[in-house]
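Using the sequences plus the hints, can you model the full thing?
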Amino acid sequence: MPFALRDGLLAPVPPARGHVLDPGSLRRLFLDLLGRPPYPDESKVWSERERSELVAELLSSEEFWANWLEEQLYYFLLIDNFRPTTEGVRSIPAELAGGTLGVREALHRICLSSSFDRRNPGPDTFVTVVMEQLLGLVVQKSARELEIGKKLYDGKKGTFLGRAGSSQADVVHVAIADARTLEHLLQREHERLLRKQASAQELSAWVADLERDEHALRAILEAWFTSPAYDQRLATRAPLPNRLFVRALFVDLFGRLPDEGEAQRMRSALDGLADSGPLRSLVARLILDSGKAHVPERAAIDDPAAWIHGLFERLLGRAPSAEERGAFSKSFSDPACRPATVLYAIVSHPEYQTW
Amino acid sequence: MAAPDRRAFLRDGALGAAALGLAPSRAPTWRRFQGPKTRRVLVVAFAGGVRTRETLGAAGNVPNLMRIAEQGVVFPRTRATNLGHFGATLSIFTGISEARGIRDNIRGTDPTLFEYLRKDLGWTSSDVWVSTSGGAQEANISHGLHPEYGPKYGANTLDGDGIFNAEFKGILDAYGRPREMGAQELALLEKMRASIGGTAKGALNDVDSVARVERFLLDELRRGTQDLKGLGAADAKAFRVARNLLAVFRPRFLAVVVREADQAHGSFNNYVQIVKRNDEMLGELWAAVQSDPELADSTALFVLPEFGRDADLNSRRGLDHGDGSDDLNYVSLVCWGPDFRRGVNVQEEVRTVDVCPTVCAMLGADARYSRGQRLPRLMA
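Sequences listed follow chains R and L, in order. With our numbering, letter number 265 in the first sequence gets 265, and the count goes up by one each step, no holes. With our numbering, letter number 57 in the second sequence gets 412, and the count goes up by one each step, no holes.
In case anyone wonders, no lab produced these hints; they're calculated from the structure. A few of these clues could be false.
Stretches of chain R that chain L covers, calculated by requiring three or more beta carbons in the stretch to come under 8 Å of a beta carbon on chain L [said to hold, decoys possible]:
| id | region |
| --- | --- |
| 1 | 66-80 |
| 2 | 114-122 |
| 3 | 224-235 |
| 4 | 337-351 |
Given the structure is predicted, the values throughout are model-derived calculations rather than measurements. Glycine residues also receive a C-beta, built at the ideal position from the N, C-alpha and C atoms.
Structural data, given as structure tokens:
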């Protein structure tokens, strides 16, 4: 299937088959919801079942909310040395999954963490980031509010965004209470998950839902993931972010997720390159040559064509074309081609690095 | 001109210009721009918010920068804008004042200097590099999303601290060395890869470049860059990687973007120490250029912060950036090049966004969307 990998652009892939999940749709849905591809046993269980069942199950899981929290921390660039380590933030996924915490309060905790303060030092930076990242405002167009916010930060009384306050914490309280925070959250989540902007009307309805019930995000997400708009998202590919690439590579080659240190260091290294392709390729090669990856011995592969077919379905979410089948089978028949070479050809290819 | 006199002149001129608010004069005074000797350009964004007071105003902090300034052209009244570190740094490379969110982790919409150079001059990705210490956000400097330019004209951008650190090296070391592939295995690998779908059209690196960069990364992980430690280590790595990039790729344009001076928010002393260390590393980089016969006679250098810092200390005995003072809004731009004048202070007001069109003009490219102007009184 020809496709063009272009920064920020989407390229077509085959449409999903109704609401039953084909391997590609299943892989993309898992990446969207859990930030990882399915394990083989999960693929087996879910391959012929309704998407709505899977969505409902995954949205109830702590793993989904853990992935959601990671996305929020990355959005605020609370990563590496600035990653919050307090129990209040670490417990967010469990509390969101258990229904004892709403998303507004979750954001509140993140922005009141000492990590957020360290990441955004000084009144100008702190208030600017609250206004930009939480509320989606352009501070250059809200210079007066910025100055008032800075006064609050310094302990002086003022009316910031229409609400009274007199402390650094009040800057956050006021912003969190503002409906624009929910609107901005929903818009960026919609863009992340459905890859398109929501209309003002849709946003307004969802914000109203969340204002009425702060646990309503799960229902909103369930509606998104079972909508025709998500069918369109499933029919597109975009470059895989570095965090998801690392998680996918570990699941696909090691059969496990990276631990926190591995995930953080690898993502950080890949983020350090405008084109992370060369380092992705190097990491994949090192893993495959390490003797620790799940790479079968050549002698254990009874049916090379079936093995290659399975690799394409598992790693690329689709069956190989006749040309691909021919090229891979012929190459693998040469003793110089190891099983690891076949895996490396796939995971270092740009198609593997899209979702 | 004797060095001490020039030094005092630079200090007084820089601080005086910043304090007095000299009237701007934008009269174009260059005679020609495409210098016959300049074939390479190095731009050092001495960023993170650095005041002239702690650089040219305090010679002891930056002996290497002073030495370059004494022999080059200094613009002590270079107008910057407090757009946040990312936006202000990006502005240097697009030639457009870029209002970006402080934590925006997205690409800009305007073409960059790198894209102008690569598109107009037909340069490859290996010809244009950026070595940074700014992490995920800084990699976005590589290229914009302008429809006429974009990733296929971007700069290879590398954050040394993210890659060359002991923890990441430890993870890779646990996997061992990659197995060397024989020619036959490599050919089969390429055959299989080529059969999958299409190629990555519009990618920054082609297949050959990917292999070269991969090799560089592997070698660099074994060179000891990750052993640079202590205050300002991330910036030091950016300089060290830049030096090694010069040796390996011989880029025609290389930018170094450092950011750790922003520790000034919490500690003035740390800020000064970082400025000093960055000056040492700048000296090391410049010595590498000067000791290479091919580079010494053909490389021009521009050094400037993205903006300064507040005039007064904050309550934590640090320096923020938001008071709108001249200390914040004016920085010193230092230029040295084989085609530049020597030992000159230009008191006219210029802007940080002027670097992009100046560099492009010198090398023969057209920064057509830039809103900056070529620097006056630069060329000999």
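So which of those numbered hints doesn't the model satisfy?
3
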